[in-house]
Amino acid sequence: MTRPKRQEKPNAEGRMSLSGHLKELRNRAAVVLAVLLLGFVACLSFASRLVTLFTDMGEGSGYVFVYIAPQELLMVYMNLALIAAIVLAFPVLVYEIYSFCSPALEGKQRRFVILALTIGTAFFVLGILFAYYISIPFMLGFLIQFTGEVNVSASISIQAYISFLTTVFLIFGIVFEMPVISVSLTGLGLLRPEWLVKGRKVMIVLIFVVAAVITPPDVVSQVMVALPMIALYELSIILCRLFARKKERADSDED
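Going by my numbering, the first residue of the sequence shown is number 1, and it counts up by one from there.
Simulated from the structure, these hints should not be mistaken for laboratory data. Please note that the accuracy of each hint is not assured.
[What the hints assert, rightly or not] Here are the simulated SDA-like cross-link-like pairs (lysine to any residue), alpha carbons at most 25 Å apart as the crow flies:
#1 Lys108 / Pro193
#2 Lys247 / Gly199
#3 Lys108 / Val209
#4 Lys247 / Arg192
#5 Lys201 / Val220
#6 Lys247 / Phe123
#7 Lys108 / Ile238
#8 Lys246 / Thr166
#9 Lys247 / Met178
#10 Lys247 / Gly120
#11 Lys23 / Ile97
#12 Lys201 / Ala226
#13 Lys108 / Gly189
#14 Lys246 / Leu185
#15 Lys108 / Leu242
#16 Lys108 / Met178
#17 Lys247 / Arg110
#18 Lys108 / Lys201
#19 Lys246 / Ile181
#20 Lys108 / Ile97
What you are looking at is a predicted structure, and each value in this text was computed from that prediction instead of being measured.
All chains, please: the whole structure from these sequences, using the hints.
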């Protein structure tokens with residue numbers, strides 16, 4: 001009877017061989033996949049409640065939802081269950097990535113990474129909440145007004161509707177990461193607040209261009225994405241200035 005192989009430990013210098021790193025990476029990836037699979041099975045049982053939650057928002061604006069293929073509603077359930085499972089497994093994913101990378105980080109770097117991950121997650125959730133409570137209801141209410149000008153009813157495919165919602169959620173979640181990314185780059189010395197101030201006019205134009213590319217082809221959606229991006233850009237300037245001053249004081253104290 002063969003004994004199971006023990007996990008390779010670091011040598012006297014605290015280093016691990018390439019094969020040891022690959023084995024550790026495989027084990028951590030297996031943990032994340034297992035949690036993701038269990039989360040998918042669990043979330044599939046209440047996927048219908050998620051569909052009801054999202055359709056209630058559209059029905060309040062006057063939309064009627066249908067599915068136009070036999071398997072369409074089932075695929076919506078599975079897609080939502082997968083997204084919910086990813087959300088549930090995200091803390092495990094972050095922990096495993098941090099645990100894998102932490103031996104190469106120093107004390108200050110570890111604290112910075114933990115703080116960046118925590119604040120980044122909070123801003124991502126804040127972006128989703130902003131989209132759910134403000135942007136999407138406004139978009140849906142605006143877009144359905146055009147049905148009053150023609151003899152057309154708003155019967156929307158449930159798959160297209162859920163795809164629209166998840167796209168908007170993802171866009172706003174990523175957009176709200178702008179201050180976190182800016183501060184992180186400032187902490188690494190790759191970005192200066194002065195550069196953000198000098199490039200403000202150019203960035204505003206680029207923001208509207210990006211908003212036009214990543215949103216549905218209507219002006220309201222573009223503006224609803226561009227305005228928060230501009231506000232977050234200004235917030236990034238303020239936070240980068242504060243962080244740069246704090247970093248300068250810390251460097252001067254060390255000297």
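Problem - Ascending list of hint numbers which this structure does not respect - result: 3, 8 and 18
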